[in-house]
Amino acid sequence: MSTMPLHTEFDSIEALGAALRQGKVSAVELADSALDAVQARSDLNAFLHVDAELTRAQAQTADALLSQGRGGSLTGIPIAHKDVFVTRGWRTTAASKMLADYTSPFDATVVSLLEQAGAVSLGKLNCDEFAMGSGNENSAFGPARNPWDADAVPGGSSGGSAAAVAAGLVMAATGTDTGGSVRQPAALCGVSGIKPTYGTVSRFGMVAFGSSLDQAGPLARHARDLLELLDPISAFDERDATSLPDCDGAANKPGRVRADFDAARSAQQGGKPLQGLRIGVPAEFFNEGLSPEVAQAVEAALQTYESLGARRVEVSLPRTKLSIPAYYVIAPAEASSNLSRYDGVRYGHRSASYGDLADMTSRSRAEGFGPEVLRRILVGTYVLCHGYYDAYYLQAQRIRRLIAQDFQQAFANHCDVIMGPVTPTVAKRIGENRDDPTADWLADVYTLGVSLAGLPAMSIPCGFSGSAKPLPIGLQLIGNYFREGQLLAIADRFQQATDWHQRKPEQQ
Amino acid sequence: MAITDQDVARIAHLARIALSPEDAEQTRQELNGILGLIEQLQAVDTRGVEPLAHPLSAHQDISLRLRDDKAAPGDESQRSALMANAPATAEGLFLVPTVIE
Amino acid sequence: MEWEIVIGLETHTQLATESKIFSNSSTRFGAAPNTQANEVDMALPGSLPVLNRGAVECAIRFGLAIGAHIAPRSVFARKNYFYPDLPKNYQISQFELPVVQGGSLRFFVGDQEHTVNLTRAHLEEDAGKSLHENFTGPHGESSTGIDLNRAGTPLLEIVSEPEMRSAAEAVAYARALHALVVWLGICDGNMQEGSFRCDANVSVRPKGQAEFGTRCEIKNLNSFRFLERAIQYEARRQIELIEDGGTVRQETRLYDADRDETRSMRSKEDSDDYRYFPDPDLPPLAITAGWVERIKAELPELPDAKRRRFETELGLTAYDAAQLTMDRAYADYFEQAAAQLPQGQAKLAANWILGELSATLNRDEIDIAQSRVTPAALTALIARIIDGTVSNKIARDVFGAMWAGEQDGNPDAIIEARGLKQISDSGAIGAMIDEVLAANPAIVEQYRAGKDKAFNSLVGQIMKAAKGKANPQQVNQLLKEKLS
Numbered sequence: 001m002s003t004m005p006l007h008t009e010f011d012s013i014e015a016l017g018a019a020l021r022q023g024k025v026s027a028v029e030l031a032d033s034a035l036d037a038v039q040a041r042s043d044l045n046a047f048l049h050v051d052a053e054l055t056r057a058q059a060q061t062a063d064a065l066l067s068q069g070r071g072g073s074l075t076g077i078p079i080a081h082k083d084v085f086v087t088r089g090w091r092t093t094a095a096s097k098m099l100a101d102y103t104s105p106f107d108a109t110v111v112s113l114l115e116q117a118g119a120v121s122l123g124k125l126n127c128d129e130f131a132m133g134s135g136n137e138n139s140a141f142g143p144a145r146n147p148w149d150a151d152a153v154p155g156g157s158s159g160g161s162a163a164a165v166a167a168g169l170v171m172a173a174t175g176t177d178t179g180g181s182v183r184q185p186a187a188l189c190g191v192s193g194i195k196p197t198y199g200t201v202s203r204f205g206m207v208a209f210g211s212s213l214d215q216a217g218p219l220a221r222h223a224r225d226l227l228e229l230l231d232p233i234s235a236f237d238e239r240d241a242t243s244l245p246d247c248d249g250a251a252n253k254p255g256r257v258r259a260d261f262d263a264a265r266s267a268q269q270g271g272k273p274l275q276g277l278r279i280g281v282p283a284e285f286f287n288e289g290l291s292p293e294v295a296q297a298v299e300a301a302l303q304t305y306e307s308l309g310a311r312r313v314e315v316s317l318p319r320t321k322l323s324i325p326a327y328y329v330i331a332p333a334e335a336s337s338n339l340s341r342y343d344g345v346r347y348g349h350r351s352a353s354y355g356d357l358a359d360m361t362s363r364s365r366a367e368g369f370g371p372e373v374l375r376r377i378l379v380g381t382y383v384l385c386h387g388y389y390d391a392y393y394l395q396a397q398r399i400r401r402l403i404a405q406d407f408q409q410a411f412a413n414h415c416d417v418i419m420g421p422v423t424p425t426v427a428k429r430i431g432e433n434r435d436d437p438t439a440d441w442l443a444d445v446y447t448l449g450v451s452l453a454g455l456p457a458m459s460i461p462c463g464f465s466g467s468a469k470p471l472p473i474g475l476q477l478i479g480n481y482f483r484e485g486q487l488l489a490i491a492d493r494f495q496q497a498t499d500w501h502q503r504k505p506e507q508q
Numbered sequence: 001m002a003i004t005d006q007d008v009a010r011i012a013h014l015a016r017i018a019l020s021p022e023d024a025e026q027t028r029q030e031l032n033g034i035l036g037l038i039e040q041l042q043a044v045d046t047r048g049v050e051p052l053a054h055p056l057s058a059h060q061d062i063s064l065r066l067r068d069d070k071a072a073p074g075d076e077s078q079r080s081a082l083m084a085n086a087p088a089t090a091e092g093l094f095l096v097p098t099v100i101e
Numbered sequence: 001m002e003w004e005i006v007i008g009l010e011t012h013t014q015l016a017t018e019s020k021i022f023s024n025s026s027t028r029f030g031a032a033p034n035t036q037a038n039e040v041d042m043a044l045p046g047s048l049p050v051l052n053r054g055a056v057e058c059a060i061r062f063g064l065a066i067g068a069h070i071a072p073r074s075v076f077a078r079k080n081y082f083y084p085d086l087p088k089n090y091q092i093s094q095f096e097l098p099v100v101q102g103g104s105l106r107f108f109v110g111d112q113e114h115t116v117n118l119t120r121a122h123l124e125e126d127a128g129k130s131l132h133e134n135f136t137g138p139h140g141e142s143s144t145g146i147d148l149n150r151a152g153t154p155l156l157e158i159v160s161e162p163e164m165r166s167a168a169e170a171v172a173y174a175r176a177l178h179a180l181v182v183w184l185g186i187c188d189g190n191m192q193e194g195s196f197r198c199d200a201n202v203s204v205r206p207k208g209q210a211e212f213g214t215r216c217e218i219k220n221l222n223s224f225r226f227l228e229r230a231i232q233y234e235a236r237r238q239i240e241l242i243e244d245g246g247t248v249r250q251e252t253r254l255y256d257a258d259r260d261e262t263r264s265m266r267s268k269e270d271s272d273d274y275r276y277f278p279d280p281d282l283p284p285l286a287i288t289a290g291w292v293e294r295i296k297a298e299l300p301e302l303p304d305a306k307r308r309r310f311e312t313e314l315g316l317t318a319y320d321a322a323q324l325t326m327d328r329a330y331a332d333y334f335e336q337a338a339a340q341l342p343q344g345q346a347k348l349a350a351n352w353i354l355g356e357l358s359a360t361l362n363r364d365e366i367d368i369a370q371s372r373v374t375p376a377a378l379t380a381l382i383a384r385i386i387d388g389t390v391s392n393k394i395a396r397d398v399f400g401a402m403w404a405g406e407q408d409g410n411p412d413a414i415i416e417a418r419g420l421k422q423i424s425d426s427g428a429i430g431a432m433i434d435e436v437l438a439a440n441p442a443i444v445e446q447y448r449a450g451k452d453k454a455f456n457s458l459v460g461q462i463m464k465a466a467k468g469k470a471n472p473q474q475v476n477q478l479l480k481e482k483l484s
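Chains as they are written, first to last, in this note's numbering: chain A, 1 to 508; chain B, 1 to 101; chain C, 1 to 484.
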């Protein structure tokens with residue numbers, strides 16, 4: 001039985017931040033306590049790289065700022081980064097043998113921004129290799145485990161991030177979401193996670209998987225903590241050509257999301273604080289694939305929202321099922337090209353024995369990449385080939401536009417926010433159903449469309465399964481472009497009326 | 001529409017991935033399975049629909065932002081940091097097995 | 001069987017920007033290996049491309065100069081293939097929607113004017129360099145060194161229609177294109193440093209046949225001489241092959257300068273499927289009409305316009321006008337000189353610049369910008385020819401003296417000091433003629449017997465007696481009169 005780290009005595013980043021600024025606790029104390037906890041919970045395999053010296057150095061810097069009265073909202077707060085964000089100091093492996101010994105000479109923008117805000121990193125978190133997967137079982141360094149049930153997956157690809165937050169090892173963590181990889185592990189681990197609008201958070205320094213889909217997003221215990229991480233990283237970055245300078249008229253910089261959140265919150269008044277909010281519920285999300293217990297938990301959540309004054313509206317996202325083939329053409333295609341740079345020439349794994357150059361490259365890649373990554377590279381290569389490009393890749397991009405239009409129809413005509421399940425079931429067993437590579441893909445059906453359309457979306461805990469070891473269930477909230485702040489406020493209101501997000505897994 | 005051994009060999013070569021005969025066969029089967037999944041796309045009528053590349057270009061006009069033409073200085077000290085992860089170097093160069101053309 | 005050679009050229013011009021096309025590394029030539037390559041150029045994980053505005057402006061300038069359509073929206077695409085000098089193992093290029101479309105180039109082959117249409121010009125990044133010196137790899141294997149300094153240098157790839165029909169024409173096109181990109185300031189034109197490289201697509205077909213034959217691509221020709229030789233060899237090779245009953249295989253070839261032959265590099269049939277797709281890291285490039293107008297307004301007068309003006313307003317031949325507009329410095333020099341000459345005498349300036357001045361610059365291996373005779377000084381000399389003070393021939397001596405700095409390069413002072421004034425007094429000339437005639441009765445006889453050469457011989461003697469200073473037209477005229 002291990003003691004929970006010091007930071008878990010505080011309900012929120014805001015409360016912990018206040019304590020730090022008041023000198024009631026120091027960043028070094030917090031860091032040491034978190035480091036112990038990470039060590040004690042190595043069974044979760046949530047962390048890939050921990051370096052106590054690097055962490056303490058950051059903590060000391062934070063304490064120095066605090067003692068000068070220059071602490072901000074994140075100064076001294078323990079966090080960790082998914083191992084697809086490059087970091088100086090800590091290795092970055094993307095959970096792959098290909099990058100097992102790689103140390104980046106530069107930091108990802110997200111990492112720099114959080115470091116500048118004073119957050120203290122506990123290290124790099126496990127994930128599916130190159131962010132490809134939904135169970136953190138595709139990691140070259142072993143699966144991460146769900147704190148609610150050690151034999152269950154934590155979800156993926158940001159499995160380590162979700163597990164670390166759920167187990168209380170950090171206050172919050174960064175993740176990346178390409179097809180659901182922040183939302184789904186958040187749901188399976190009973191924490192909150194948000195994927196912002198595509199283009200609002202910089203991709204510079206994120207190991208690329210699906211460039212037109214990848215977005216960084218935080219995971220934390222509740223919406224208010226998500227805000228604390230999301231706001232400082234929502235900023236235009238000139239080093240990323242897909243980064244947006246403005247968001248429907250508001251400059252893309254820190255402060256925007258918080259301002260929207262505050263405005264939305266202050267509009268929530270009285271006994272029916274969400275009066276006027278129209279919640280779109282897509283009929284297609286409640287199909288035969290959805291398990292009864294998830295359906296029930298989501299239904300209960302919707303009723304809670306209704307009790308807060310919101311009104312349910314049925315909407316249709318007719319191409320929901322098509323999001324699967326569309327995504328699994330586009331993402332692998334982009335990945336196949338993005339991963340070409342891993343050839344053993346300038347960095348990364350080089351085979352121990354080889355003949356000529358082509359042989360060196362082919363062997364290094366076959367040895368360095370795991371089976372799911374290889375599979376997606378080969379599929380992606382295939383669909384871009386001459387003769388197939390139009391029928392697969394372009395067709396998928398056209399369907400993508402139709403899917404985006406479907407969401408716009410719903411928002412324009414019927415609702416302010418869309419809600420539904422995140423996953424069809426709760427977390428599966430580690431090792432289950434590994435023979436059929438596409439079985440996992442089908443379970444992404446509720447999250448893929450959002451990524452294709454570039455919309456912001458969240459997952460918040462809304463219930464548990466009825467099994468002996470109860471497993472968390474998540475509610476998905478989907479907003480229109482740039483409405484991260486409003487989404488967080490809607491989620492926060494739910495979390496003020498319920499306590500799912502306060503449940504903690506028993507110690508193992 | 002089924003994927004043949006030749007298809008697998010060609011794709012594996014294009015992607016520079018060495019596949020043993022067993023791996024190649026397994027890959028062939030898996031790819032066929034995946035193709036079955038993505039075949040669904042073919043049936044959709046998308047006449048008149050433009051492909052969507054940047055997801056936000058459905059919402060707003062997205063065009064490429066440009067950088068001013070200014071050079072940042074570079075030198076040998078930066079080089080060592082940038083090349084620190086290289087498997088084989090000599091005299092400031094990356095080494096690869098020689099290709100004879 | 002009469003054969004026709006069909007040639008199209010693809011030219012890669014390195015753009016003269018300060019920084020690379022997708023990163024802010026310097027493009028300066030000659031730095032120590034890998035000191036001008038940052039994380040983007042080395043394709044480190046997490047790096048992303050950002051487009052250089054300067055490279056786009058170069059493309060726009062080029063498009064305007066050749067009368068092309070500048071695409072209001074163009075797309076960057078990834079060209080996927082593995083090669084160690086290509087760090088991402090894809091090249092960011094443009095495929096379906098290039099920035100410049102169409103256009104044409106006028107140039108001279110000898111004194112024949114030609115126009116070749118261009119298909120397109122697009123922006124892309126250059127690859128790094130392979131150094132094949134004998135390095136040894138970690139397992140003792142023979143290795144090549146890769147330098148990524150050049151990786152990411154902006155390129156404008158300029159593609160011509162396959163409208164050229166001889167090696168000479170292709171070279172003339174290439175020279176004209178070279179002159180244009182240097183004129184526009186978009187490329188430094190240094191072929192030894194690889195700033196301007198041509199790939200030649202060559203095929204042959206029986207004269208009169210409509211379909212094209214199978215073509216071969218000869219890559220990376222970085223001198224006009226090699227371009228010419230390579231095309232000549234390749235055309236001959238293909239013709240001989242077909243005449244011997246063989247078929248030409250579509251392939252990529254390299255030119256071996258030492259052996260003066262082309263060799264197969266790899267068959268285009270087995271070559272990579274490049275799997276082009278729009279680069280998701282780079283949204284489409286928008287070029288507004290306003291931007292194009294602004295660049296148009298800042299463009300120097302283009303060679304074509306200048307050439308036309310030289311022909312129509314200054315009376316030069318098409319050929320001379322074309323020659324003088326190959327190089328902006330030459331054109332400027334000429335204009336300055338011509339401006340100070342009387343109406344209709346610009347041609348003299350053209351002759352002198354294309355003749356004596358050009359030869360002297362070549363001899364001393366200096367640029368016209370460093371000419372030791374300024375346009376004003378040259379004009380002053382030409383004025384003395386026009387007013388008969390010196391003959392054209394003597395003027396060349398004066399020019400030489402000006403170049404050497406005699407009398408501070410002042411033509412009048414030189415003429416005075418050396419006593420080079422032309423003798424135009426018919427009395428004096430007549431006296432000299434009489435003397436020579438009297439001294440050479442045999443030659444006079446020969447002339448009277450019908451030998452025209454004898455006339456020239458007499459003229460020669462007269463000019464000798466006059467120390468070259470007699471006005472040649474007058475000598476001719478008076479001698480004719482005296483002999484008749």
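These are calculated hints, taken from the structure and not from any lab test.
A couple of the hints might just be wrong.
What the hints assert, rightly or not - In the DMTMM-like style, the derived pairs of lysine to aspartate or glutamate whose C-alpha atoms are separated by at most 20 Å in a straight line are:
| id | chain 1 | residue 1 | chain 2 | residue 2 |
| --- | --- | --- | --- | --- |
| 1 | C | Lys79 | C | Glu96 |
| 2 | A | Lys97 | B | Asp23 |
| 3 | C | Lys129 | B | Asp45 |
| 4 | C | Lys207 | C | Glu169 |
| 5 | A | Lys321 | B | Asp45 |
| 6 | B | Lys70 | A | Glu238 |
| 7 | B | Lys70 | C | Asp188 |
Each hint tested on the structure:
Note on Lys79/C and Glu96/C: the hinted pairing holds, with a Cα-Cα distance of about 12 Å set against a maximum of 20 Å. Distance check on the hinted pair: Lys97/A and Asp23/B sit about 19 Å apart at the alpha-carbon level, within 20 Å; holds. With a C-alpha separation of about 47 Å, the suggested pair Lys129/C and Asp45/B falls outside the 20 Å cut-off, and the hint is violated. A distance of roughly 17 Å separates the Cα atoms of Lys207/C and Glu169/C; the hinted pair therefore holds under the 20 Å criterion.
With a C-alpha separation of about 15 Å, the suggested pairing of Lys321/A with Asp45/B holds against the 20 Å cut-off. Between Lys70/B and Glu238/A the alpha-carbon distance is near 14 Å, which keeps this suggested pair within the 20 Å criterion. The suggested pairing of Lys70/B with Asp188/C holds, with an alpha-carbon distance near 18 Å, which does not exceed 20 Å.
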